[in-house]
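Protein chains: 2
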Amino acid sequence: MTRLNACGMNDMSENIGFFFNPDSIAVIGASQAYGKLSNVLLRSLKKRFKGSIYPVNPKYNSINGLKCYTGVKAIEGGVDIAVLIVPSNAVIQALKDAADAGIKGAIVISAGFKETGKSGSLMEDEIKGIVNGHGIRVIGPNCMGIYDSFSGVDTFFIPEERLERPEKGGLSIVSQSGSFAVSIMDTLAMEGIGLARIVNYGNRVDVGESDLLEFLADDDNTKVVALYIEAVQDGKRFVDAAKRCSEKKPVIAIKVGRHEAGANAAKSHTGAIAGRYEIYRAAFKKAGIIEVSGYDELLDACKVFSMQRPANLSPVSSTGQALQDLSRDGKKVFILTDGGGVGVSLTDLCIEMGLDVIALPEDAKNNLSQKLPSFCSIANPIDLTGSVTDNDYKIALEEGLKYSDIAIVAALWGPPGLTDKLVYNIKEVSKRLNKPVIICSPGGRFTQEKKKLFEENGLPVFATPEDAVRAAGLLANKL
Amino acid sequence: MTRLNACGMNDMSENIGFFFNPDSIAVIGASQAYGKLSNVLLRSLKKRFKGSIYPVNPKYNSINGLKCYTGVKAIEGGVDIAVLIVPSNAVIQALKDAADAGIKGAIVISAGFKETGKSGSLMEDEIKGIVNGHGIRVIGPNCMGIYDSFSGVDTFFIPEERLERPEKGGLSIVSQSGSFAVSIMDTLAMEGIGLARIVNYGNRVDVGESDLLEFLADDDNTKVVALYIEAVQDGKRFVDAAKRCSEKKPVIAIKVGRHEAGANAAKSHTGAIAGRYEIYRAAFKKAGIIEVSGYDELLDACKVFSMQRPANLSPVSSTGQALQDLSRDGKKVFILTDGGGVGVSLTDLCIEMGLDVIALPEDAKNNLSQKLPSFCSIANPIDLTGSVTDNDYKIALEEGLKYSDIAIVAALWGPPGLTDKLVYNIKEVSKRLNKPVIICSPGGRFTQEKKKLFEENGLPVFATPEDAVRAAGLLANKL
Chain A
1 MTRLNACGMN DMSENIGFFF NPDSIAVIGA SQAYGKLSNV LLRSLKKRFK
51 GSIYPVNPKY NSINGLKCYT GVKAIEGGVD IAVLIVPSNA VIQALKDAAD
101 AGIKGAIVIS AGFKETGKSG SLMEDEIKGI VNGHGIRVIG PNCMGIYDSF
151 SGVDTFFIPE ERLERPEKGG LSIVSQSGSF AVSIMDTLAM EGIGLARIVN
201 YGNRVDVGES DLLEFLADDD NTKVVALYIE AVQDGKRFVD AAKRCSEKKP
251 VIAIKVGRHE AGANAAKSHT GAIAGRYEIY RAAFKKAGII EVSGYDELLD
301 ACKVFSMQRP ANLSPVSSTG QALQDLSRDG KKVFILTDGG GVGVSLTDLC
351 IEMGLDVIAL PEDAKNNLSQ KLPSFCSIAN PIDLTGSVTD NDYKIALEEG
401 LKYSDIAIVA ALWGPPGLTD KLVYNIKEVS KRLNKPVIIC SPGGRFTQEK
451 KKLFEENGLP VFATPEDAVR AAGLLANKL
Chain B
1001 MTRLNACGMN DMSENIGFFF NPDSIAVIGA SQAYGKLSNV LLRSLKKRFK
1051 GSIYPVNPKY NSINGLKCYT GVKAIEGGVD IAVLIVPSNA VIQALKDAAD
1101 AGIKGAIVIS AGFKETGKSG SLMEDEIKGI VNGHGIRVIG PNCMGIYDSF
1151 SGVDTFFIPE ERLERPEKGG LSIVSQSGSF AVSIMDTLAM EGIGLARIVN
1201 YGNRVDVGES DLLEFLADDD NTKVVALYIE AVQDGKRFVD AAKRCSEKKP
1251 VIAIKVGRHE AGANAAKSHT GAIAGRYEIY RAAFKKAGII EVSGYDELLD
1301 ACKVFSMQRP ANLSPVSSTG QALQDLSRDG KKVFILTDGG GVGVSLTDLC
1351 IEMGLDVIAL PEDAKNNLSQ KLPSFCSIAN PIDLTGSVTD NDYKIALEEG
1401 LKYSDIAIVA ALWGPPGLTD KLVYNIKEVS KRLNKPVIIC SPGGRFTQEK
1451 KKLFEENGLP VFATPEDAVR AAGLLANKL
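Chains as they are written, first to last, in the working numbering: chain A, 1 to 479; chain B, 1001 to 1479.
No wet-lab data here; the hints were simulated from the structure. Among the hints, erroneous ones may be present.
[Unchecked claim] One side of the interface only, derived from the structure: several residues of chain B facing chain A at Cβ under 10 Å:
#: 1; residue: G1077
#: 2; residue: D1080
#: 3; residue: A1189
#: 4; residue: V1239
#: 5; residue: I1254
#: 6; residue: H1259
#: 7; residue: A1265
#: 8; residue: S1441
The C-beta atom is built at its ideal place from N, Cα and C for all residues, glycine as well.
Go ahead and model the full structure; you've got the sequences and the hints to work with.
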């Protein structure tokens, strides 16, 4: 599909940064009614956003203690962006008014467009006309918009008791699906994984994945990018933008609507034509994108890239900076545990992932035999058994990491000799040797407590051997 | 490997039920020292087990308020089973004493046998000799033993703050690995999934997977069996036992040590020779075992079979009892959501799983168009959108389930119109139409609260589309 605005937009205004760092926001269609989405949105915004907020609705003089305006033109001093949360048939006029008032960008939350059929589609054409004619940029319609943990822009119109907002972090997410954006945001908050920016652009009359990738590539707050794609708009532009971004930071993507029935569901959802999956796979590869196939894989990838660096780093350079060496895959893995069975599982899975479960050299084994109790099984994996101490883990990890690119530590918390010191020991060795360590800790409430402690110390924890090995595969460039 | 006792044991004493329902237990090697494993074990047992407990240790007169005996022979009135938690070199004598005192079975917790090398292996031969000569049955050595939620037998020597004990339930687990047994038990407790019995038999000098399968096949408390296998001892006997069991209840298995390195790790772990994976796959198939490939898959299977019945049931019979029809696969699936994106993902995954995302008949669509708001997308999946109500879900589920064997309901809790009533509505329809429903609810803390409510009402909840579809695949006999 060719779209009128695909290139035009790009020439007209490359920078969409104002959506994320505005000085002022107008909320068009704000309501006084507590339960209404537009009131929820206003309250979220008021809680976080430090700039000026201008509710717009001719019905009210004030809402939630903020002065309410009859129209955008009445706002003194101008506005950077507008959020439109009005019935679909009022969107066109509101957008024209916003453009006339010199507003740079609009987030159109309102639904009832292309996803509902022909007449909605015609209204989208009108919106495109306004975008092209006036230079105003549009996110949406039929979207959740933006949550930005740094600037406090928050147009996700779900109250905090149903949707927690993640803390500041290095991960940014671009999602065509609103429900996906909401689910992952809420999960990240619970998991304690920080988020920089998340954008759901819904029906995408204007701003889409490529604009956002261009912005995020240069965004210093964003260290990792995750994409949820139903269909991209302009394949060539997407590959270029993603490539530029992936050269600077990891870009992870999931493609949904892989099959005809799924693609049809996507069409009735955001009006997107999902296209042939094989073409997407090739494009992702060309763009240096790490493709994941499921929600849990995406979550694992978000976590591991937020906390650890790739395993294929070359030794520290003369500038003191370790450099990622894309010709290497960093696949030498060392497995350490106090539970033999989990060690066996991890070994199986590492082999299936294409990781190299290295044999420890005789020197290393002799060294460890002298330092560790006799009942330990010294190989790879090393099984420290239920009689393990915090210090045994330290000794074994230090020796094993000398010969490997990455370690998976399956710390089961049953053994009475294990204390919080285990966490600090592992952190210390990982930092000192500058190699990534992944923790595998299946278990219940006690394990969950310790998981928190591990992750506060920058060590990502996975609850199953499968997740842990997948995370190792991601860091080793093997997925 | 032929083992001396493989058939002999079976002839000698088919029934090992006394391990799970003893009237009295002797704890040989019990200690007064609070931190010692044998003291932890005694305390766990005292907390749960309703029968008589006899600590045995010549050093003490009493331990934790229980009279302590100098030896098993000194215990008046006899003892059903003994738990041995003494140094490995004291095991042989203690076992002889137990056998001489007429004790029927011993759980040997002590490690330091075959897993440590030649001399340990010779000690195991001595244990086998005692088993064969005296008719005493042995679980272990190098094992966690048994946790039984019904009788209160609990030899898992990890205190409750590090290892929660699950509630009573219909799932029983047989695990060669102790760490696996501990991890899954703790996870099940946190997840609120009940457990009947779990056995870890470690080095397996005598009682192994086949004896346990024979016991569990006839055990009324056990509705589902899960196996964690490194290596089976006697292939033919295993297939026979598993087959008899799988004809009565679902039997799920995971095989680890699939590759050479993993198999080597298994050998140093429990001394087991893991054998060729292909042979296991064929044996599992022959035995009617549902094979899963990972820890999370196994957890999903335990949950879904604990809460729902297979989807390939024939219509209710004349006796009022629905019968599982093994010639059918029950693969017609209906997907219902309030989040379009999750619906798209579920559709993709169902197709990849070989499930049939049926087209709704025109009649059904017309019916739904009249009853549901116009903004809903009526197909399969149905997207009820963020404006959904509890009642919309009820209407759509009822119509969709008429034409399908199973429903996946992706309930995202963002929409303000959803309340706890949603849970009761879904339960009511599922019960009335007697068809299984699986819930997919990704999200954070609010979602977790509602997950609890769903599961208290017998509806299994999965956090990702992948897990939900896998669960549907299990019920539909498609995995």
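Evaluated hints:
1. G1077: Nearest chain A Cβ about 34 Å off; hint violated.
2. D1080: This interface hint is violated because 27 Å lies over the 10 Å limit.
3. A1189: 5 Å, holds
4. V1239: 23 Å, violated
5. I1254: Result: holds, 8 Å to nearest chain A Cβ.
6. H1259: At about 5 Å, which falls below the 10 Å cut-off, the nearest Cβ of chain A leaves the hint on H1259 of chain B intact, so it holds.
7. A1265: 5 Å, holds
8. S1441: 9 Å, holds
When the structure is compared with the earlier hints, violations turn up for hints 1, 2 and 4 and for no others.
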